[in-house]
Each structure stands twice: as structure tokens, then as C-alpha cells.
Amino acid sequence: MTDILVAKDVSKTYFDTVARDDVVALSGVSLSVAAHDFVSVIGPSGCGKSTFLRIVAGLDTPTSGEILVSGKKVSGPGADRGMVFQEYALLPWKTTENNVEFGLRLKGVPKDERRKITHRFIELVGLKGFENKYPHQLSGGMRQRAAVARVLANNPTVLLMDEPFAAVDAMTRQRLQEELTAIAAAERTTVLFVTHAIDEAVFLSNRVVALSGRPGRVIADIRIDLPRPRRWEEMMRDARFIAYRDELTRCIHGDAPAYRDHA
Amino acid sequence: MSLADTPAITSASQRPGRRGRFWLLSEALPFAVGILLWQALSSLNVWPRVLFPSPLEVAQAFVEDVASGVLLVNLGVSLQSLLLGFVVGAAIAVPLGYLMGLNRASRDFFDPLVNLLQAIPGLAWIPFAILWFGLGQGAVTFIIVMSVFFPVLHNLLTGIRMVQPVLIEAVQTLGAKRWAVIAHVIFPATLPNLMTGIRLGIAFGFRSLVGGEMIASTNGLGYAIFNAQQYFQSARIVVGMLAIGITWLVMDRFILRPIEQRTTMRWGLVREGIETA
Chain E
1275 MTDILVAKDV
1285 SKTYFDTVAR
1295 DDVVALSGVS
1305 LSVAAHDFVS
1315 VIGPSGCGKS
1325 TFLRIVAGLD
1335 TPTSGEILVS
1345 GKKVSGPGAD
1355 RGMVFQEYAL
1365 LPWKTTENNV
1375 EFGLRLKGVP
1385 KDERRKITHR
1395 FIELVGLKGF
1405 ENKYPHQLSG
1415 GMRQRAAVAR
1425 VLANNPTVLL
1435 MDEPFAAVDA
1445 MTRQRLQEEL
1455 TAIAAAERTT
1465 VLFVTHAIDE
1475 AVFLSNRVVA
1485 LSGRPGRVIA
1495 DIRIDLPRPR
1505 RWEEMMRDAR
1515 FIAYRDELTR
1525 CIHGDAPAYR
1535 DHA
Chain L
59 MSLADTPAIT
69 SASQRPGRRG
79 RFWLLSEALP
89 FAVGILLWQA
99 LSSLNVWPRV
109 LFPSPLEVAQ
119 AFVEDVASGV
129 LLVNLGVSLQ
139 SLLLGFVVGA
149 AIAVPLGYLM
159 GLNRASRDFF
169 DPLVNLLQAI
179 PGLAWIPFAI
189 LWFGLGQGAV
199 TFIIVMSVFF
209 PVLHNLLTGI
219 RMVQPVLIEA
229 VQTLGAKRWA
239 VIAHVIFPAT
249 LPNLMTGIRL
259 GIAFGFRSLV
269 GGEMIASTNG
279 LGYAIFNAQQ
289 YFQSARIVVG
299 MLAIGITWLV
309 MDRFILRPIE
319 QRTTMRWGLV
329 REGIETA
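Protein sequences appear in the order of chains E and L.
For what it's worth, my numbering labels the leading residue of the first sequence as 1275, then goes sequentially.
For what it's worth, my numbering labels the leading residue of the second sequence as 59, then goes sequentially.
Hints are computed from structural coordinates only; laboratory data are not their basis.
Here the structure is a predicted model, which is why all the values come from computation and not from measurement.
Just so you know, not all the hints are guaranteed correct.
Stated by the list, open to error - Just some of the chain L residues that point at chain E, by a computed CB distance under 7 Å:
#, residue
1, Met220
2, Val224
3, Ala228
4, Thr231
5, Gly233
6, Ala234
7, Trp237
8, Ala238
9, Ile240
10, Ala241
11, Ile244
12, Pro246
13, Glu318
14, Gln319
Stated by the list, open to error - BS3-like, lysine-lysine: derived pairs with alpha carbons at most 25 Å apart:
#, chain 1, residue 1, chain 2, residue 2
15, E, Lys1347, E, Lys1368
16, E, Lys1346, L, Lys235
17, L, Lys235, E, Lys1402
Beta carbons: idealized from backbone N, C-alpha and C, even for Gly.
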């Protein structure tokens, strides 16, 4: 398989204005993501996993190292790396339909084709009937579905997700996770997913990369070999799921004391 | 569907019940109560008529001033000054606001100047307004420009500072470049504050209009009020005052509010009010 996203030795140091000191957020993170793979990056809070994702998105610059997407060096944000945020980040002044078609409009896709694509993805995320609603008229779960459709409709090379389900309630979260695995499998989307929830990472991914506490370094890289589609009902009782989860838990928490001074 | 997945709150702007069969009555009610109280107070005959004219006297003066055309002429003059002053003031403040909000160098340059000048009330420009433009509409318009400019600029700058960075980042990862970010995120996001700035600008403009016309002009509603006092025509003073208030109500009701209802309220950015149970 070809690696569609390559991170080479990415480090990030920033100046903490409160502590008045340099903070090393990421230290030499290298990672390759194959096309159609679903990769989660996990780690304790402050490990720089979100910073890493932002660097991939081009919203932050690395202090050293580089990111290549389809062989091209990342130098800023772009439509090939669409991102879904925890805060939904839908435009309040656009309806569901106008939000979803936004990227296509920027690209100048003709109206008929744009409508077709937009409606397909609105239907895919289960928002049919809500095309003309504004974000404030939707629930949290529906907003996040719209945000996912918005990025997918734009056909990115990699779908970036930064703790997208952290703000919704537990029941909605499990539903959204199940829907996401189904969609990603059907659309063969390449996904880079950041979370601090180990079970979420195992449930969603083909591969989980664990970062250590600050400064974030890769401490584990595990392939998750579980059949799809995945359902929580089954997964929670699946011995392999539990084994993966325990392994990653040991890995992250066993590592923590060594970095306690920096936490 | 789980509870959290049911569609969220419906906004007030969507609830048709608010403007039911009795909307005219409910809008007229506060004014009716005000007029009744006023009539009751003047019926007590505590104060001389010239100090406290009754609603009836004011209505008579109103009819006379309308019939003679004086009221409409003065209203026309005042509205002209106000609109021209507002348009010029906003036409400078809005582009400058976006320039300052979006460009660091121009912000660093203009900010100290704006800060210095905004403490100076519009009316403080009256002496120079008279020297530069002479007594009349030109001077009044200039004072209004100076009064409208700062609230519009200040509120717009606040609005730009309040734009959520995540919205900008989200559209950037959808392929938006600088101009698309400005057109699709920053401009709509600043509309609530821009509307507040425009409201305040017009309100400040009205104050300066009346003050300016009293001192620096020979016509307009402010001048009419001032002039009526010289002749102890107190009912005429009230006619002028009410004309100002009603003009504002009409502008608010038929221009500003429809704009807000179609934009910021529809988007759920602002609400009419917060009703607690």
C-alpha cells in the first residue's frame, strides 16, 4: 500500500506565555499513513496529539521536521486535508446544505453536480430533511454529522478529526462512532483521528498510535485486527477488543510515571 | 432517537405566535398607558400649562404644525442631515474597521489616533463645524459624522476580535483563502456587532443632530424645539421631541429590525430576549 501521509521527525516547541518558558510539545514524531487506513493517535492530555493534527492540517507549523501529503510538503491549510473539530465549527449563517456544499462552491463545482454530491453526503450522515435548517436548530450530534458531511463532500485526501465526539452525550457518541466506521469503510476514506479515549480509538481504527506524555513521542503503534462493521454491543464483549484496549491502557499509563515531572 | 438528537430549541423568530391577532394592540399598549398617565398628571393642574402641556394641547400643536408644513420641513431637514452624516460616517468607519481588524500594521497606526479622538464628543466639534461650514446643515452634518464614526468603528473592531478562530480554521481546511475567509466567515460573524454599532451610531447621531441644530443651525427639529422655547410654546417643544422619538421608532421598526430578523436572529447569533421560566 502507498503511504498517502508521511510525517518526518516532527517536533514542536512553543513559548508558554504563562510559565514564561519553552515547552516541547512534540519530539521527533514520525508516522506514515497508508491510503484507506483509519489511524487514531491517542495519548494523555498535553501530549501534543492535537498539535500534531494541527500541523498536519497546516494550521500550525512544526519547529522541525515536515509533513508530506501525496508526496507534497504541507505549507498551510488546504482542501486536501479537511478537518472536523470538537466544536463542530459549522458556519451559523449557512443552512446544513450550504455548509455541506461550501468546499465544492469554493472549487467552482457546477450547481447540478454540487447539489448531487451535497445531497448524497447529507443522506449518508442521516440528515435528510434537515437540509434547510441552520446549525442552531440542530442538536449536537446532528451538527457533528453535518460537519463530517461537509468535509467528506469536499473529497479530501485525508480526513482529520480532532476529538470530534468529545462534546456529545455518551449515547449519541456511540451512535456517531458506529456510523463513522460504516461511512469510512464504505467511502474508503483515509482518516487521521485524535482522541484521548482508548476504547474509542480501538473501536474506530485499523491502527492506533500512542504518544507519551509531554513531550509527545510515539510509544506504541498497534494494528487493530477486528472485523467491520463494528457495533458497540458486540465489541464490548469481544475478547480481542478488550485485549487491544488493555494493551494500550498499560502502554499509556505504564509510561506516565517517567514523565510525571513534566505533566 | 436519543434525547440529545431531537432538534434543538426553536428560535423566537420562527415562532409565529409572537405576532398573533392582537399584535397591533400589544404594540400600542405601552404608548396608550404613557399618554393616559401624562393626561392624568396634567389634569391634576399642579403645574402651569406652559411648564407641563397636556396631550391635547400637544395634539393641537401637532395638527397646526403639520397643516402649516413647518413640522415636515424641519423633519425633512433633520433627516437629511442625519442620513447624510450617518452614511458618510459609516462609509469611513466600516472600511477602516475591517482594515484595522484584519491588518496589524494599520491597526498599530490608527489605534492611538482613534483612541484619542473617540473621547471627544461630537458636540465638541461645534465651534470648528461653524467656522468651517458656517451656520446651517453643513455644520450639523459634520457633527453627526463625528458622532456616528466612533461607535460604528469601535463595535466593528470588537466584532472582529470576537470571531471564533475555529470557524476560520474550519473553512481553511475546506480550501478557503483570505478573501473567502473574509466574505464567508468574518463579514457575517461581525454583523451582530456591526448592527449594534449602527444602532448606537444613529442614536449618537440623533443626539448630536438636536444639539447641533440648537446651536449651529437655523432650521431642523432641534432648532424648532429651541425656538419654541424662546416663545414659551411648550406644546411645540413636545411636538419636536416626539417627532424625533417617532422618527427613530419608525427607522428601527422598518429598517433595522427587519435586517436583524433576516440575518443575525435567523442564524441564532442574537435573540430578542431571554425569557426565564
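Hints, verified against the model:
Interface hint at Met220(L): violated, since its Cβ lies 13 Å from the closest Cβ of chain E, which is beyond the 7 Å cut-off. At about 5 Å, the closest approach between the beta carbon of Val224(L) and any beta carbon in chain E falls short of 7 Å, and the interface hint on this residue holds. Hint on Ala228(L) holds. Least Cβ distance to chain E is approximately 4 Å, under the 7 Å limit. Proximity of Thr231(L) to chain E holds as hinted, the smallest CB-CB distance being about 4 Å (cut-off 7 Å).
Against a cut-off of 7 Å between C-beta atoms, the interface hint on Gly233(L) holds, since the closest Cβ of chain E lies about 3 Å away. Using the Cβ-Cβ criterion of 7 Å, the hint placing Ala234(L) at the interface with chain E is satisfied: the shortest such distance is roughly 6 Å. At a threshold of 7 Å, the smallest CB-CB gap from Trp237(L) to chain E is about 10 Å, leaving the interface hint violated. Because the closest C-beta pair between Ala238(L) and chain E is about 6 Å apart, less than 7 Å, the hint holds.
Taking 7 Å as the C-beta contact cut-off toward chain E, the hint placing Ile240(L) at the interface is violated, the least distance being around 13 Å. Below 7 Å, beta-carbon pairs count as interface contacts, and Ala241(L) has none with chain E, the closest being about 10 Å; its hint is therefore violated. The interface hint given for Ile244(L) is violated, since its Cβ lies 11 Å from the closest Cβ of chain E, which is over the 7 Å cut-off. The interface hint given for Pro246(L) holds, since its Cβ lies 4 Å from the closest Cβ of chain E, which is under the 7 Å cut-off.
About 13 Å separates the beta-carbon of Glu318(L) from the nearest beta-carbon of chain E, more than 7 Å, and the hint is not met. Taken as an interface hint, Gln319(L) does not check out: its beta carbon lies about 13 Å from the nearest beta carbon of chain E, beyond 7 Å. Distance restraint check for Lys1347(E) and Lys1368(E): the Cα-Cα separation of roughly 32 Å exceeds the 25 Å cut-off, and the hinted pair is therefore not satisfied. A threshold of 25 Å between alpha carbons decides the hint, and for Lys1346(E) with Lys235(L) the separation of about 19 Å falls inside it, so the pair holds.
Restraint check: the Cα-Cα separation between Lys235(L) and Lys1402(E) comes to about 30 Å, which exceeds 25 Å; the hinted pair is violated.
Violation of the numbered hints given earlier is confined to hints 1, 7, 9, 10, 11, 13, 14, 15 and 17; the remaining hints are satisfied by the structure.
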